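Q: These protein sequences, in sequence, are chains U and E. Mapping the first sequence onto the working numbering, position 61 (from 1) lands on 217, and the numbers just tick up by one. Mapping the second sequence onto the working numbering, position 307 (from 1) lands on 463, and the numbers just tick up by one.
No lab work stands behind these hints: they were computed from the structure. A quick note: this is a predicted structure, and the numbers were derived from the prediction, not measured. A hint or two may mislead.
Since the list gives no way to pick out one identical chain from another, each pair is judged satisfied if it fits inside one copy or across any two copies.
Unchecked claim - Heads up, simulated BS3-like pairs for lysine-lysine below, C-alpha to C-alpha not over 30 Å straight-line:
1) Lys-405 to Lys-271
2) Lys-180 to Lys-367
3) Lys-180 to Lys-487
4) Lys-454 to Lys-405
5) Lys-554 to Lys-512
Protein chains: 2
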Amino acid sequence: MIQIAILGFGVVGSGAAEVLTENKALIAAHCGEELNIKYILDLREFPDHPLGDRVIHDVNLILNDPEVRVVLEMMGGSHPAYDFTKAALLAGKSVVTSNKEVVSNFGVELLKVAKEKGVSYLFEASVGGGIPIIRPLQTDLSSNEILAISGILNGTTNYILTKMKNEGAAFSDVLKEAQRLGYAEADPTADVEGIDAARKISILAALAFGKLQDPKTISTVGISGITKDYTAVAERFGSVVKLIGHTEKVEGKVLSFVSPCLVPDSNPIAHVDGVFNGILVDANMLGRSFFYGAGAGKLPTASAVVADLIQIAKSLQKPPKCPTWETASEKDLAATDAFVCRRVYAVEGCHKCAEKASAAFGSERIEFFDGGFFAILVPSMSGKAAAERFAKTGLAAKFVLPVLD
Amino acid sequence: MIQIAILGFGVVGSGAAEVLTENKALIAAHCGEELNIKYILDLREFPDHPLGDRVIHDVNLILNDPEVRVVLEMMGGSHPAYDFTKAALLAGKSVVTSNKEVVSNFGVELLKVAKEKGVSYLFEASVGGGIPIIRPLQTDLSSNEILAISGILNGTTNYILTKMKNEGAAFSDVLKEAQRLGYAEADPTADVEGIDAARKISILAALAFGKLQDPKTISTVGISGITKDYTAVAERFGSVVKLIGHTEKVEGKVLSFVSPCLVPDSNPIAHVDGVFNGILVDANMLGRSFFYGAGAGKLPTASAVVADLIQIAKSLQKPPKCPTWETASEKDLAATDAFVCRRVYAVEGCHKCAEKASAAFGSERIEFFDGGFFAILVPSMSGKAAAERFAKTGLAAKFVLPVLD
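Input sequences plus hints: build the corresponding full structure.
A: Right under this line is the structure:
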């Protein structure tokens with residue numbers, strides 16, 4: 157019997173207990189012995205829950221109990237989640253987490269501590285909810301140099317964008333509905349402004365390139381400024397507007413950003429609708445592979461937490477090796493405007509302005525819209541080069557969207 | 157330095173050598189030491205290849221060399237691939253393969269031998285080419301009971317079906333073109349008649365349910381009978397025709413088949429075009445997840461072979477545990493016509509016949525086509541129940557396609 161502890165009995169924490177209960181037999185078969193939830197740490201009591209008698213309020217009971225071999229951290233937020241994680245690792249316990257805030261902010265240190273103590277720190281559930289992506293990147297794709305990763309990493313914003321597209325609804329109306337349905341939080345900032353996606357792309361970039369960038373320094377644009385004009389432009393260009401987290405290596409430096417993008421119908425990301433997530437990986441031998449599924453939600457996320465737990469429990473004497481990350485410094489990072497892609501510039505003005513823009517970019521694909529604006533498809537070049545050419549026209553851009561080919 | 161041997165220096169075998177050469181440094185970093193191709197077994201000589209001096213013709217040199225720790229079998233076909241694999245495992249060497257024919261026919265025995273000898277037999281490349289699917293099923297999805305797996309498992313047939321749809325071309329014309337382009341073999345039977353897909357679904361079913369079914373006993377329909385009428389029907393029902401391998405558990409029994417299906421636009425499989433593969437997994441906690449990428453090809457397939465190799469080389473003293481399979485017997489298997497789904501019956505006849513069909517199925521969705529036939533969308537029920545109801549109408553079905561929702 158392997159003893160484990162759960163930190164945080166919220167949505168994901170109680171989901172993990174449910175997965176462990178529902179699939180008890182098959183999980184025990186994988187591990188070679190049964191798993192037992194010995195403690196559940198939470199501020200609250202859960203008198204009516206079947207596991208209510210496991211609830212404790214003092215983390216030291218867990219840290220000081222040598223029987224507890226694995227700790228599942230599903231508290232959310234940086235503190236005390238980070239502090240408890242570090243203490244558990246230092247106490248020689250492996251830790252599994254769904255907490256992207258902690259991984260993206262403290263991953264370098266926590267992975268180092270885990271390594272020093274000969275235990276694991278696993279975080280499959282921190283990106284893409286239940287979708288297998290962290291472990292495939294470390295195993296199935298280990299024979300490849302990763303060139304780029306792009307994805308829909310936030311279900312809330314994808315739900316909103318999908319509704320806006322399908323129903324022609326306004327951002328604020330759909331947000332309210334999403335809040336009513338529980339798809340968006342009362343304070344939706346972290347989702348809507350791309351902060352959650354920035355944390356996730358920083359984790360994926362670290363897995364791909366070994367350097368963890370502070371997510372607060374990642375160029376991040378959310379979806380609160382998206383209007384029907386964006387959707388109209390996207391449609392005319394055979395695309396959809398999606399909030400994309402992207403990372404790639406440019407001349408040896410890491411370039412990561414979060415931004416609404418136009419995604420052409422030919423890209424599998426274009427077909428990821430509703431609360432689902434989808435992640436496209438470009439690797440030097442495999443080419444493009446794509447991972448799709450439930451990017452959030454109680455049981456899908458808990459399913460990934462428990463999968464990590466099984467990997468540890470299967471091999472307690474020699475838990476899975478974790479990656480070694482370094483903190484990304486200024487010199488490791490490329491400027492966001494070095495990103496080379498096609499772009500669509502939406503510009504107020506009439507045919508004469510359009511001709512000016514067309515001359516500047518040498519582009520022939522221009523579409524005109526109600527409301528007196530046009531959109532021009534700019535050939536692939538860096539954001540800097542595009543901005544310089546556009547500046548010379550003297551025109552004013554309504555908005556600019558990268559095209560994710 | 158870890159010594160390895162390659163069996164078969166064809167497309168995938170030479171691809172594996174290329175992956176090992178191109179990504180040498182990063183692969184060594186993963187393994188903790190360098191890998192060296194000591195032997196390449198092939199009937200031919202390769203005097204102009206940089207590794208031409210490793211080529212040998214006697215497998216015993218490999219089997220009797222204790223330095224060789226891992227053997228990569230990429231010969232194709234059952235014999236001597238199976239015999240050499242078994243001999244290598246018995247000699248205490250781990251084996252990695254891309255050979256779905258061997259895995260689907262001899263997997264039970266070879267996994268048993270590997271277990272007894274304390275080595276690994278890994279086969280990520282045998283299904284979906286380079287797409288991570290075998291390892292995710294065993295690790296990331298290990299916290300789940302697998303309910304069903306459906307997928308496009310053969311790139312050649314998907315290329316043909318995509319061309320037929322996009323260009324309105326006939327099967328035989330597209331096949332000829334695919335052969336000219338090297339997407340289809342001179343003898344295309346194994347691809348076109350679904351035999352290749354049957355081998356792959358038998359492997360996926362064994363991973364999901366622990367029972368390996370002889371692929372020759374899997375109900376298998378290929379695409380050589382697909383005409384423009386099929387494409388026309390699909391389009392009218394908002395679907396595409398795809399060759400699907402499917403497995404699921406029905407009342408404790410395994411039900412697997414390969415068949416052309418109608419795949420509605422809402423299913424991510426519908427958007428898998430050309431030579432790509434896409435596999436949809438339905439699991440009891442995670443729900444649906446989807447894996448997409450290059451299902452064949454030299455470097456993608458080799459990328460998966462080398463990824464397996466890395467997993468073994470990382471941990472030579474304790475190579476990855478392999479699953480235990482049993483041979484599926486009659487009592488483990490459900491009849492194919494127990495498969496419950498919606499279906500489209502295409503029937504020669506006019507409005508009067510259509511009314512008869514509609515009355516039999518209680519269905520209101522009927523479409524009429526040029527050439528004097530109609531298609532009726534039959535509500536979800538078993539194939540057996542649908543066939544019984546249809547028989548009572550006295551009508552003759554032109555074709556029947558399951559709908560993969």
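Q: All hints, please: hold or fail.
A: Hint by hint, here is what the structure shows:
| no. | hint | in the structure |
| --- | --- | --- |
| 1 | Lys-405 to Lys-271 | within (27 Å within a copy, 41 Å between copies) |
| 2 | Lys-180 to Lys-367 | between (37 Å within a copy, 21 Å between copies) |
| 3 | Lys-180 to Lys-487 | between (48 Å within a copy, 26 Å between copies) |
| 4 | Lys-454 to Lys-405 | between (34 Å within a copy, 25 Å between copies) |
| 5 | Lys-554 to Lys-512 | within (16 Å within a copy, 59 Å between copies) |
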